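Chemist: With the sequences and hints as input, model every part of the structure.
Residue numbers (the working numbering), protein chains in the order written: chain A, 1 to 151; chain B, 1001 to 1510.
Note that these hints are calculated values from the structure, not bench results. The model shown is predicted, which means the values in this text are computed figures rather than measured ones. One or more hints might be untrue.
[Claimed, not checked] Going by beta-carbon spacing under 8 Å, a handful of chain B positions derived as facing chain A:
#	residue
1	Ala1017
2	Ala1033
3	Val1036
4	Leu1332
5	Gly1340
We treat Cβ as the ideally placed atom computed from N, Cα and C, and that holds for glycine.
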Amino acid sequence: MTSAPTHDRATLVRAIASQHLAERGPLMPVLHEVIEEIGHVAREDVETIADVLNLSVAEVHGVVSFYHDFRTEPATAHRLALCRGEACQSVGAEALYADTRSRAGSLGDDVEVAEVFCLGNCALGPSGTVDGRLHGRLSVARIDALTEGWR
Amino acid sequence: MTAPTPRVFVPGDAASASVGADEVAAAFAGAGAQVVRNGSRGMLWLEPLVEVETDAGRVGYANVTPDDVAEVLSGDATDIGIVDEHPWLTSQRRVSFARVGVVDPASITDYEAHGGWAGLRRALSLSPAEVVQEVTDSGLRGRGGAGFPAGIKWKTVLEAPSDLKFVACNFDEGDSGTFADRMVVEGDPFTLIEGMTITAHAVGASEGYVYVRSEYPHAVAALRRAVDAAYTHGYLGQDVLGSGLAFDLHVRVGAGAYICGEESSMLESLEGRRGEVRAKPPIPALKGLWGRPTAVNNVLTLCAVPMILADGGAAYAELGTGRSRGTQVFQLAGNVKQGGIVELPFGVSLRELVEKYGGGTLSGRPLRAAQVGGPLGAYVPESGFDVPMDYEALAESGAMLGHGGIVVFDETVDMARMARFAMEFCSIESCGKCTPCRVGSTRGVETIDRIIAGQDVAANLVLLDDLCDTLTKGSLCAMGGLTPMPVQSAIKHFPEDFESAATERSGAPV
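Modeler: Written out as structure tokens, the structure is:
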């Protein structure tokens, strides 16, 4: 997940995109794999992908900017995503989200507290992901315990 | 000689894992037990619900932690009896969920041993038109929310002339309060594969795509594993079970856009574009993926198909009421004591679901409302809970079934805030293609903020009503078209939350 030098990065992105050329509608799978391998989709990646898939830069940029998952900046060291869907709201998610955001800085040095709308865990809310892992029945104390290693 | 190691079932689905099932499974494995990661039985308040195989049946232990493992294995822990005899399950009519929680989702032989592939085998012995007729006879309607008759859709695709057709499964289950698609795929993934393969035969498709939301990594993994196994065993590929049917199935992952649950947005996304809705006509059945005829169905619709083919359309049509045939998988969520999956024939009342199955609120406070059918569904007041849960009765009462999700709220809910949230959600998730949805939702948030702040409340309520009318009539798809449903139902049934807003609240809106 570290930033590769530009030349290596372009080679890697080109290789990823080329692997999906035979598929129908390859752009989304390519972007997912770039995120998985490198962590984010940089401006130069958009140009490389467009070149390999024979799309315009505008088309690729349009897709990258449309979807929440395709981040264009490196990820933080840790990430907490809390559900704000109605089911989680019915068991106090809004207050938990507001509280957690207000103290994001105290959870660790490089932490992002994000919102998400439904993780499909609606009978065990409030739900959230902690570094990508799903947790149910979250509370202030539970979040403190789950993020203990971040501090 | 040592005692034989018991088989222990520890659910491996996302919900169970979210409350510690992975750690429990590891502890059982460490203690020498033979662990099967089954799906959840859908009694989510009991998770992690561990089952130990005995001669009498599978004995359940609720809310197990790693510390309980030794006592469970020695038989000293308190059990909940034989899980298959639990009244919460025995009073249900599980058709689509018959195998979920029972079988090992990783085992294709277990699937066959529990009745799997019987529908596909029968379908392959019938002509495509005969399969379509079975589905038409069953009365099956789209479970994604629109409730369109599946047989009519399939007939349209079958009769559309094209050398290339597709089946697309909408597994972008983004509605808050719904998780049935996720649970059926995590607990019984081969049912979806079987349903899609039958669909391919029925409509003449050679390729299928499942569009899974990225918030569901457990489901993606379970489905991909099952697809690989299905290829290995000849249930997918160039000659399915030697029938001559060629069908390839691809699993694609979304990227965090709620709107991609709208079928035309999903098709755009599958094609590699921004998930912006398409204007209709043409309908996807005639011009869907890459301009070709495409059968687009929800996970639950497709998962009902194997049983319909195995037992016949008439058997399915015997269940249900009026024009709502078969069973519906209800999902109890939110502030509810016993949340989970309740599959019953259409027609059960909302009250029975919330009070009998749900056991009332988790908080123990009085019930106030339930939102039925997702973020675009209506808020039903407790006084309206006697409504029967079927497409027509709900529509008549100003609500909708949607995907069958029921989110329960206690008396502390502030309905003006929920109405504001409906507009806010629409403003965040709108694809932006049409103006009523893109701009109207933001204006809606602002107008509700003024109502909450007590500014010209009466005039702003009139303005909000007018705005809702514009969204309903002027939006391209259900996102803008139905956002007024939660807003207007909240105002209609809970006017006191809007009129008293200024006097009871202090400070600015959150």
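Chemist: Determine for every hint whether it applies to the structure shown.
Modeler: Hint-by-hint comparison with the structure:
Interface hint status for alanine 1017 of chain B: upheld, as the beta-carbon distance to the closest one in chain A is roughly 6 Å, under 8 Å. For alanine 1033 of chain B, the interface hint is violated, the least distance from its beta-carbon to any beta-carbon of chain A being 24 Å, above 8 Å. For valine 1036 of chain B, the interface hint is violated, the least distance from its beta-carbon to any beta-carbon of chain A being 21 Å, above 8 Å. Below 8 Å, beta-carbon pairs count as interface contacts, and leucine 1332 of chain B has one with chain A at about 6 Å; its hint therefore holds.
For glycine 1340 of chain B, the interface hint holds, the least distance from its beta-carbon to any beta-carbon of chain A being 6 Å, beneath 8 Å.
Of the numbered hints stated above, those contradicted by the structure are hints 2 and 3, listed in ascending order.
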